[in-house]
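As you go down the protein sequences, you meet chains A and B in turn. Take 398 as the starting number for the first sequence in the working numbering and just add one per residue. Take 6 as the starting number for the second sequence in the working numbering and just add one per residue.
Hints listed in this document are in silico derivations from the structure and should not be mistaken for laboratory results. Idealized CB from N, CA, C, for every residue including glycine. It is possible that part of the hints are untrue.
Derived lysine to aspartate or glutamate pairs resembling DMTMM-like cross-links, with alpha carbons at most 20 angstroms apart [said to hold, decoys possible]:
id: 1; chain 1: A; residue 1: 557; chain 2: A; residue 2: 474
id: 2; chain 1: A; residue 1: 593; chain 2: B; residue 2: 273
id: 3; chain 1: A; residue 1: 557; chain 2: B; residue 2: 273
id: 4; chain 1: B; residue 1: 269; chain 2: A; residue 2: 653
id: 5; chain 1: A; residue 1: 665; chain 2: A; residue 2: 599
id: 6; chain 1: A; residue 1: 593; chain 2: B; residue 2: 213
id: 7; chain 1: B; residue 1: 269; chain 2: B; residue 2: 196
id: 8; chain 1: B; residue 1: 269; chain 2: A; residue 2: 599
id: 9; chain 1: B; residue 1: 269; chain 2: A; residue 2: 594
id: 10; chain 1: A; residue 1: 635; chain 2: B; residue 2: 133
id: 11; chain 1: B; residue 1: 263; chain 2: B; residue 2: 273
id: 12; chain 1: B; residue 1: 225; chain 2: A; residue 2: 642
id: 13; chain 1: B; residue 1: 260; chain 2: A; residue 2: 477
id: 14; chain 1: B; residue 1: 260; chain 2: A; residue 2: 599
id: 15; chain 1: B; residue 1: 225; chain 2: B; residue 2: 273
id: 16; chain 1: A; residue 1: 635; chain 2: B; residue 2: 232
id: 17; chain 1: A; residue 1: 523; chain 2: A; residue 2: 545
Just some of the chain A residues that point at chain B, by a computed CB distance under 10 angstroms [to be verified]:
id: 18; residue: 554
id: 19; residue: 558
id: 20; residue: 561
id: 21; residue: 594
id: 22; residue: 626
id: 23; residue: 649
id: 24; residue: 653
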Amino acid sequence: MKREFVENKMKLASLIICACLLSGAGVCAQDIDGFGEDVNTSLATSKNSIKAALKDVTGKKPRAAVAGATAAAFDADVPEATQAQILNDLAFVRAIQGATASGLHRQIFGLVDGPTYGRFFDSRVKAIGMDDCGGGPSAIACVIPFRDPAKMWLTQNYLKYNQPQISRLDTVFHEARHTESEHHNWHHALCPIPFKDENGNDVRGILSGRLMEGLNACDVTPFGSYGTGMIMLKNIQKFCSNCTDKVRMDAGIYGDDTCNRIIDPDAKKAIREDLYR
Amino acid sequence: MKTAVLIAAALAVLAVCGWWAARFWSRGGVSGRGEPPALAAPESSRIGRQARPAGGRAASRPAGGAGERLRAGPASATAEEPKPRAEMARPQGAGGRPRPRYEAEAAAKLETLQEILGSKNDNDPRLDRDFNDLSPEVKRLLRQKYRRIPPERRNDRGTIVYLLGRNLKSAEDWTFLREVVSEPPCLSLADCSKEMKTEDDHRALGAEVTLAYPSLVALKQAQRVLEEARTAAGQAPGASTAAAREALLVIRAAKNSKTPIVAKTAAEIGRR
Numbered sequence: 398m399k400r401e402f403v404e405n406k407m408k409l410a411s412l413i414i415c416a417c418l419l420s421g422a423g424v425c426a427q428d429i430d431g432f433g434e435d436v437n438t439s440l441a442t443s444k445n446s447i448k449a450a451l452k453d454v455t456g457k458k459p460r461a462a463v464a465g466a467t468a469a470a471f472d473a474d475v476p477e478a479t480q481a482q483i484l485n486d487l488a489f490v491r492a493i494q495g496a497t498a499s500g501l502h503r504q505i506f507g508l509v510d511g512p513t514y515g516r517f518f519d520s521r522v523k524a525i526g527m528d529d530c531g532g533g534p535s536a537i538a539c540v541i542p543f544r545d546p547a548k549m550w551l552t553q554n555y556l557k558y559n560q561p562q563i564s565r566l567d568t569v570f571h572e573a574r575h576t577e578s579e580h581h582n583w584h585h586a587l588c589p590i591p592f593k594d595e596n597g598n599d600v601r602g603i604l605s606g607r608l609m610e611g612l613n614a615c616d617v618t619p620f621g622s623y624g625t626g627m628i629m630l631k632n633i634q635k636f637c638s639n640c641t642d643k644v645r646m647d648a649g650i651y652g653d654d655t656c657n658r659i660i661d662p663d664a665k666k667a668i669r670e671d672l673y674r
Numbered sequence: 006m007k008t009a010v011l012i013a014a015a016l017a018v019l020a021v022c023g024w025w026a027a028r029f030w031s032r033g034g035v036s037g038r039g040e041p042p043a044l045a046a047p048e049s050s051r052i053g054r055q056a057r058p059a060g061g062r063a064a065s066r067p068a069g070g071a072g073e074r075l076r077a078g079p080a081s082a083t084a085e086e087p088k089p090r091a092e093m094a095r096p097q098g099a100g101g102r103p104r105p106r107y108e109a110e111a112a113a114k115l116e117t118l119q120e121i122l123g124s125k126n127d128n129d130p131r132l133d134r135d136f137n138d139l140s141p142e143v144k145r146l147l148r149q150k151y152r153r154i155p156p157e158r159r160n161d162r163g164t165i166v167y168l169l170g171r172n173l174k175s176a177e178d179w180t181f182l183r184e185v186v187s188e189p190p191c192l193s194l195a196d197c198s199k200e201m202k203t204e205d206d207h208r209a210l211g212a213e214v215t216l217a218y219p220s221l222v223a224l225k226q227a228q229r230v231l232e233e234a235r236t237a238a239g240q241a242p243g244a245s246t247a248a249a250r251e252a253l254l255v256i257r258a259a260k261n262s263k264t265p266i267v268a269k270t271a272a273e274i275g276r277r
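Work the whole structure out from these sequences, hints included.
See below:
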């Protein structure tokens, strides 16, 4: 016991030294004093890196500043850095403010409002684990209903890929919608054969270049997973009052892209009237 | 275990000593100014791998512009972007003297940016607040930083394009946007240079956008300028700003992008 304590202290000391080397002795000296307290979001990255290193040694829980960002329980094998990332992302979405919302958004969520988004997520996702989600370099998250309909699985890519925050949230809320067993998990539709865009060209997967027709990658309703993510993003773009311009721009870019996955003409019309007029 | 830790600690102490010695040396008489802290450590050899536009050279430059050339290949990791003349004429910090104000300001901006990128918090209000009316020096450093960031850092790169796109004033600013929309495709989020056999089903949600993100951000900024110009022209018919012409050049360059979503988005903007 004592030996373990001493070893941990030595590890801690060496990590502090290494962190000092990486981030500058002056910063480090200030930071060690604050170890163990809540992390203020405005702290320097170097400080956060030190805290993250210390956290690994001491086995502390993810940062208190974002604890409570979700009620979902993490599996033991979810790396702390991944936990911290999704907690930060959910803390961001819980802080969103907006005075209004589009009609479709009201039907799915309510107003553009952080606590509303938080309740949507919490009422659906009860646990978070790690999986490869069927593999493939693009997989970031998934729901596997036959294993646990209320559990979201993240892949290593959630943390690994350097993507905008709004893209991660799009994925998370897309998957949260897939937990709804009462709606058959809002399973996707097969893209039509032939699958043409508005200019009459074949729609091809941009990653593989192969035809998208016949793939399980479309929706026929605005209320499915694609629609839910897209409607959330487009409403953030239009109505979020405390988002940065970048977040709103990103929400528009990713929301517009997801719109292409909805293929039913009536669903498309409903979305156009709700969000693009 | 103990031995390994002790060796690590000893190495660390040596490195600290080395760092202080280097600092003392640089203060003691090496002339010229040092790089701002955020740029002090060059990135890996992957830096600038995507720097060359698809066509081998940037789109046509505006008449009279003091356009800059985008560095290509491995040399881009170390080459410096030429400074605007006005910047060159300013006093340089020399041994022991405090940094000029503009230089300290540029370093502070880069430090702020690094904090934001490290936090992965795109809703940091400093993005809206602290990067307005950027000086030519700060913009030069941001472009330099962009080229040093590995291309797989799609959001980091896109964030820099976003900030520069809010400060479009000089010919260099517009040339940079054209270069970004002309970049070769990033083939994989894990490694832009390696094409990966991948899926197109729901697992690829948003991947196409993320792969093209910096270019799409550049296009969005050009679109914004264009829309502002059109609004202004509505109030004063016949008016056509130089900025609108530059924005159209960006969109034209994007139409030739080898990245389908960039070319498609540019075509859509062009039709509006």
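Hints, verified against the model:
no.	hint	verdict
1	A:557 x A:474	holds (16 angstroms)
2	A:593 x B:273	holds (16 angstroms)
3	A:557 x B:273	violated (32 angstroms)
4	B:269 x A:653	holds (13 angstroms)
5	A:665 x A:599	holds (18 angstroms)
6	A:593 x B:213	holds (18 angstroms)
7	B:269 x B:196	violated (24 angstroms)
8	B:269 x A:599	holds (13 angstroms)
9	B:269 x A:594	holds (11 angstroms)
10	A:635 x B:133	holds (17 angstroms)
11	B:263 x B:273	holds (16 angstroms)
12	B:225 x A:642	holds (12 angstroms)
13	B:260 x A:477	violated (43 angstroms)
14	B:260 x A:599	holds (19 angstroms)
15	B:225 x B:273	holds (12 angstroms)
16	A:635 x B:232	holds (17 angstroms)
17	A:523 x A:545	holds (10 angstroms)
18	554	holds (7 angstroms)
19	558	holds (5 angstroms)
20	561	holds (5 angstroms)
21	594	holds (9 angstroms)
22	626	holds (8 angstroms)
23	649	holds (8 angstroms)
24	653	holds (9 angstroms)
Hint compliance for this structure: hints 3, 7, 13 are broken, all remaining hints hold.
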